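Colleague: Listed below, chain by chain, are the residues.
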Amino acid sequence: MFAVLSVEARKLNRSLASVLAIAAPSLIALFVFFNMLRGKAAAPWEMWMGSASAIWAFFMLPMSVTALTALVAHMEHGPKSWDHLRALPLPRWKLYAAKAICVVAVVAGMSLMVLAMVWGAVAAAAAIKPELTPTGPFELATYARTMGMMFLAALLLIAIQLWTALRFASFVPGLVLGIGGTFFAVVATSAKQGVFLPWQMPINMLASEAWRVNTALGLGGGLGLVALILMTVHLSRREVL
Amino acid sequence: MSPAIETLELTRRYGRRLAVDALSMTVPQNAVYGFLGRNGAGKTTTLKMLLGLIRPSSGAARVCGVDVARDRLDAARRVGALLEAHGFYGNLSGRENLDLTRRLLELPDREIGRVLEVVEMADHAGRRVSDYSLGMRQRLGLARAMLGAPPVLILDEPTNGLDPDGIADMRRFLGELPARTGATVLLSSHLLGEIEQTATHVGIVHEGRLVLEGELARLKAGMAPEIAVETDDPARAAALAASRGFSVAEAPGRIIAALTPGDDARMASAALNRALVEADIAVFSIGPKARTLEGIYRQVSTPPVVQPLMQPELV
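Heads up: the sequence lines are chains A and B, in that order. Counting from 1, one number per residue, gives the positions in the first sequence under full-length UniProt numbering. Counting from 1, one number per residue, gives the positions in the second sequence under full-length UniProt numbering.
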């Protein structure tokens, strides 16, 4: 499995995935930086880190997953390399599992980058305008925990997007699904049923009602893991004609 | 010694369409086996079943005695393949592309240098694949197929899309391949000339069925010899030849007289020539037709058509 993972990582490393992985958190950090410079009074750390996490979970995470999964799948669909890969003497499930692991790892890395870059952006803005230096404690453990929960709740949406992207040679079905899912997550934010929408599960980690948090986390994380396993089994067994 | 590749009543159905129909083929070890057929005849489907990429509806495929459906991994270890879609990552160099497959196969580093030398691509391995010509990509595909020195190479249309120089280059290379690598080569193509110049054995597939298989030299030797005659009066010449027991077909400006297998074409040519001259028919040229793979192919894959056989004329 290590060989397949290392090959997948090498392919990703030489693709535009790294640009995407850096661009999405950077955009949030950039927004926080300029937004903070517009302010007149200092605000607590919690507000900056909380709003950045919300932007991430609400919009940037589902859109990034849509783009990342399309990119990862298209690395093989584009040059039509599935036949070559699937003809090799190695269990096919490893090919798909390696892709899933890499995508999940990149999303985890992006989540951490959001925290790190937003901290950097706030610190930079405070250096330019010292009167805006955030108040209150910087509770890294709390922010990281929330971000971790968002990541876990996003597993189902990652599984659905990756499954679609790998299943169809065209990137259109995956993009339509991702854009559509994010659209409904945005326009129906306050809908009670939104907690069952995979694209809205990460943002539900910020909900004030405990049942919403628990339901979204349980469904997103638990079903997400099951969906990733089912995806691996399905794709490795199906014939690519 | 078990054959390098063997299929037994291999069948693949797509819905109602029968793509491969009870195909039984045998590729002897160390052969260059030309797998011939027009586009859509079932060649690629057969190759995909040999590689375990698609499952047969019925029948079996074996590589070096290993049943592909029962033990795909073991069978795949014995095969290297060059498929129509190369599947190279254009943003990576040739060497990096090979390295990805080498890692997946868990082979030592030196394998890359070895296969690059075999396909004479060592000087270009550092360039991005997107800058390669089609011929270079085909060679790189061959190099990748040879990683780990598998005893069987399956090459799907390796000359497809190449220019005449590329085809000549590839032909030379394929001809040398068994000697260089010791591998058995299964080569699919719809180009008769390519197969004729490189293959030791052929299998002809037509509408999903294997209609002919064997050693090329023997197949050619077994063909009924033919004599081509150019005369000033093809109609009379044909009638005369028919009266002498030849099966005669008219071609533009000449007649083709078919002999029975085993006949001496030179002696028959001399006799026919004498008869034509005695009948006051001018003979511009006469001689045995070369036995070609195309002739074999036409015989087995063309639907039978009524030849305009000439009736003997009463003289």
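Don't read these hints as lab results, they were simulated from the structure. Keep in mind the model is a prediction, meaning the values are calculated, not measured. Don't be surprised by glycine CBs; every beta carbon is placed ideally from N, CA and C. Wrong hints could be hidden among the right ones.
[As the list claims (entries may be wrong)] Here are the in silico distance ranges between beta carbons for each label pair:
1) B:Ala-228 to A:Ser-236: 54 to 64 Å
2) A:Lys-192 to B:Asp-109: 38 to 48 Å
3) B:Glu-207 to A:Leu-112: 35 to 45 Å
4) A:Ala-169 to B:Glu-176: 53 to 63 Å
5) B:Asp-263 to A:Ser-236: 56 to 66 Å
6) B:Glu-106 to A:Ala-169: 21 to 31 Å
7) A:Leu-5 to B:Ala-221: 53 to 63 Å
[What the hints assert, rightly or not] Here are a few chain B residues that sit away from chain A, every Cβ distance over 12 Å (derived from the structure):
8) Ala-75
9) Ser-133
10) Ala-179
11) His-190
12) Arg-254
Colleague: I'd like to know which numbered hints this structure contradicts. Please list them from smallest to largest.
Modeller: 2, 3, 4, 8
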